[in-house]
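Please build the complex by placing chains B and C on the supplied structure of chain A, with the hints as guidance.
Chains as they are written, first to last, in the numbering used here: chain A, 92 to 415; chain B, 75 to 391; chain C, 182 to 538.
Derived by calculation from the structure, the hints in this document are not laboratory data.
Glycine residues also receive a C-beta, built at the ideal position from the N, C-alpha and C atoms.
Any given hint could be a false lead.
Claimed, not checked - In silico BS3-like pairs for lysine-lysine, Cα to Cα no more than 27 angstroms straight-line:
| # | chain 1 | residue 1 | chain 2 | residue 2 |
| --- | --- | --- | --- | --- |
| 1 | C | Lys-424 | B | Lys-142 |
| 2 | A | Lys-356 | B | Lys-351 |
| 3 | C | Lys-422 | B | Lys-169 |
Stated by the list, open to error - Not close to chain A: a few residues of chain B, all C-beta gaps over 12 angstroms, as computed:
| # | residue |
| --- | --- |
| 4 | Phe-115 |
| 5 | Pro-188 |
| 6 | Ser-228 |
| 7 | Asp-349 |
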Amino acid sequence: MSKEVLSVKNLNMHYETLSGDVHAVKDVSFSVKEGESFGLVGESGCGKTSVAMSLLQLQADNAKISSGSIQLDGVELVGMNESELRKVRWDGISIVFQGAMNAWNPVVKVGEQIREAIREHYPEKSKAENTEKIESLFKMVGLDAAVIDRFPHELSGGMKQRAIIALALSCDPKVVIADEPTTALDVVIQDQILNEIKKVQQLLGLSLIYISHDIAVIAEMTDQMAVMYAGSIVEIGPTEKVFSTPKHAYTRLLLESTPSVVGEKKKLRSLDGEPPSLINEIIGCSFSPRCPDPSSDCENPIKEMGLVEIEPGHFADNCCVDCG
Amino acid sequence: MKKNVIEVKNLEKYYEVSGGFFSRNKDIVKAVDDISFEIPFGESLGLVGQSGCGKTTTARALCLLDPKTGGDVKFYNNETENMQNIDNLEDEELKKFRRNIQMIFQDPYESLNPRWTIKDIILEPLNIHNIGDLQDREEAVVEILKTVGLTPASNYLPRYPHELSGGQRQRVSIARTLIMKPKFVVCDEPTSMLDVSIRISIMDLMLNLAKDLEVSYLYITHDLAVARYMCNRIAVMFNGKIVEIAETEELLNNPIHPYTKRLISSIPVPDPSYDRKVYDVNYDELDAIIAKHGTDNPMVDIGNEHYISTHDVKGLI
Amino acid sequence: MNENIEQDLQKQLRKEAIRRNWNLFRQSKLGMIGLYIVIFFLFLALLQPFLFITGIWNKGVYDPVVGYEAIKDTLLVVECPKEYPTEKYESMKDCPGPGELNVKRLYLAPGVEVGDYYETFIQPAPPSSRHLLGTDSLGRDVFSQIMEGSQVAFVLGLLSATLGVGISTILGTIAAFFGGRVDAYLMRQSDLILMLPSLPLLFIISAFAELKVWHLAIVLGVLGGLGGSVITIKSQALQVKVKPFVDSARITGGSRWRIMFSHVLPNVAPLALLFMVFSVTGAIASESVLSFLGLLNIDMSWGIMIYLSQTDGFIFSGLEFWWLILPAGLAVTLLAGGFYLVGRGLDDVFNPRLRKR
Chain A
92 MSKEVLSVKN LNMHYETLSG DVHAVKDVSF SVKEGESFGL VGESGCGKTS
142 VAMSLLQLQA DNAKISSGSI QLDGVELVGM NESELRKVRW DGISIVFQGA
192 MNAWNPVVKV GEQIREAIRE HYPEKSKAEN TEKIESLFKM VGLDAAVIDR
242 FPHELSGGMK QRAIIALALS CDPKVVIADE PTTALDVVIQ DQILNEIKKV
292 QQLLGLSLIY ISHDIAVIAE MTDQMAVMYA GSIVEIGPTE KVFSTPKHAY
342 TRLLLESTPS VVGEKKKLRS LDGEPPSLIN EIIGCSFSPR CPDPSSDCEN
392 PIKEMGLVEI EPGHFADNCC VDCG
Chain B
75 MKKNVIEVKN LEKYYEVSGG FFSRNKDIVK AVDDISFEIP FGESLGLVGQ
125 SGCGKTTTAR ALCLLDPKTG GDVKFYNNET ENMQNIDNLE DEELKKFRRN
175 IQMIFQDPYE SLNPRWTIKD IILEPLNIHN IGDLQDREEA VVEILKTVGL
225 TPASNYLPRY PHELSGGQRQ RVSIARTLIM KPKFVVCDEP TSMLDVSIRI
275 SIMDLMLNLA KDLEVSYLYI THDLAVARYM CNRIAVMFNG KIVEIAETEE
325 LLNNPIHPYT KRLISSIPVP DPSYDRKVYD VNYDELDAII AKHGTDNPMV
375 DIGNEHYIST HDVKGLI
Chain C
182 MNENIEQDLQ KQLRKEAIRR NWNLFRQSKL GMIGLYIVIF FLFLALLQPF
232 LFITGIWNKG VYDPVVGYEA IKDTLLVVEC PKEYPTEKYE SMKDCPGPGE
282 LNVKRLYLAP GVEVGDYYET FIQPAPPSSR HLLGTDSLGR DVFSQIMEGS
332 QVAFVLGLLS ATLGVGISTI LGTIAAFFGG RVDAYLMRQS DLILMLPSLP
382 LLFIISAFAE LKVWHLAIVL GVLGGLGGSV ITIKSQALQV KVKPFVDSAR
432 ITGGSRWRIM FSHVLPNVAP LALLFMVFSV TGAIASESVL SFLGLLNIDM
482 SWGIMIYLSQ TDGFIFSGLE FWWLILPAGL AVTLLAGGFY LVGRGLDDVF
532 NPRLRKR
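Isolated chain A, as found in the complex (with noise of 0.2 angstroms):
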């Protein structure tokens, strides 16, 4: 049994807007074991970035942790100052952002963009070592040497994509996090760059936290998934678990929802309706109102809201379980 690297408490976090308190991670909780891949998926806006920027404290200024603690290798992040979260950042825990291929300074080469987060980390390194440590990351990614002494407009959207890769693996972190790193690539390019982050994460013995809205690449990349939905996990547990026996209604919905090229053609079904704002409470299940065959137990709302175990290491909310 390998050991928990990252561990998430009923992590609470809302954002303070104009118009009131937007409650983007209700009550989060999961662990990734060391080399595991553990998947988050949701339609946009049920707080799946949310949960990435606060495992590295990066979220906005006018986001609040209200409570719940995050644990790195049995550290608490929430909470510490700047200056120790920064040597955590990308030493620890490193992201690959949605659309990061675009955040290369143009004016630099690669090369040294890369150096200097490493110099950051590590000053007492050469010169030499560090090129050396870059060859052998770009050679993990796919990409050429003489790649290094590029600059970032020279190289197209898929090298740019793998040089980002490299740049969050130059520190040897124990987690990475992946969110939606190939939502602006093409298919072919977002097939190479997956291959690529998975040989990766084998090779390094990563633990990847890999973030998208695309429930297919969810099922090719981890090994455990949580589906997220209006802020809180509605069902987790091992991928090949939730796609056999899915237990909440919305999981079922996402499932038949998605197209695929293999197999029989089938009717996809079509989930009505928008997710409900997270200003306001929501006062019993959040999936009810788009809920196809809400069971009564759905429109009750006194009835607690919350994870129950259906197999082991299989949780699903309490409310939606075996409904619609």
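Coordinates of chains B and C only, in the frame set by chain A:
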């Protein structure tokens, strides 16, 4: 004999690009290079390919947004019920003919004028073409909103686009497109900006409308899985050319062209137990076809109305 | 019935939109300060005609140009002692004291002796309860002049800004839409006007023509309208022109003019409004400079007030006659700055990228 809504023959769209500030010679970029297809009544064709392969350029040329540089395009004319070439139409006739062609855009946030109300947006085509009196037009707008599932209409008419969600906006776009009762609609990735859960309801709506109103779509997408759901036939585009075109299931189950194979094998499958093979590009099958038919004919039929391009693509994929 | 619901909803939505934008504007502290300043001067500008009409103010006394009131003062004539300190005065500086007049200054008024009371008119007179900001060297009420000046500033500022923005919006949109030679011509014209220093140009114009407020407004409007704002509006129009909703209108068969007026113009309008507010600032400042240099044929304005205090020599006497200089100078600075700040506030509303949340 099947009736077509559009027949495209050898469509070309070339751009001249100057070689740089000091260079005098001009390069020609063949964004769309000699493509041909036709769409029969009530059927939809998916145009699938990577970004930059020329699929959006094709769409814009067919919608007369950018002039084509070569080839022959014939549209079905609703009034005369004949195929018609519109290259030499006068301004007034061309304006009249534009009723037959409509387009749905990718980005629901950019395709509706943010300063107009939903009512004005949907009314615009009727106003441009001066169809019916005011009351007729307003009734038509209410009717079409009902058709696309935005009810009650009075709740949407006075609103501005930014007050609606992405899915609702895309429904408004569809309503605006269909109010002219076109038979041919070009859809440029209409669901790619939408959330998964909303995507299917928009796709279902479009499929139902296609059946009820006898609309044919040219459905442009980078996602083969979406194209499979929406289209009867799929054309795979690569480097400005159509490399393979066939019935949807035939294409997915029996791909011949290496690029098609590559594309199909790249798509993630929503099933963790499915073991997706990485496709190793090989040209054997294509070479065999070229050897059999020669390269004189740009597209060869290998049976089942399955066409393969014999164009040399070695080293490009 | 359906119609009614729709209209009610429309009204309600419009109200909501206004409230939302107002809330956004209110977030900007600078913008609110600017708004208060502008409202204050608007109030002043409207207050003056009100006071005249209701008869609270007598035209003969308070008219900013031809009004006159003699402020009488009675002074005791004294002779200053040669040695200090005396019982009455600590040092030489204290003589003559308040309400007194040294007999030596009365050489022009023979027959006045020490111990007499002497009556005199004070011009310019310091602020008093009858004249809140005192009177100028001709005995005219300064407060009334400030009010008149704010009327001039509003008329001139808004007129020239509206004209200028109208011209630049239409030209900018045309340049974006027709491109080619039209575009090239308009852009070169803007470059030319941008290059010309506007104040010296105005000096030359004022030498040839008699500039009144209206004329100045038109000249400033046309100069502003043909200048740099055309380029900015054009770039905005170019961005709008390639939006899918414009393509959509083209596919449907909308003519160029239709697309330009109903799609592109409304979408550059917010930027144009912003320009308008900023150019009010420029117009007010230009007017003051020209008036100060005596190049305008205007009866009364803030610039004229400063000009007069300068030609009468009061501007050099420090702050002794502060009411002749400070109110007018402050008014110019405040109102010009006020419009600028309102522009900044509007920028927050129209420019979503600048919004904090």
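| request: Check each numbered hint from earlier against the structure, then list the numbers of those it violates in ascending order. | output: 7
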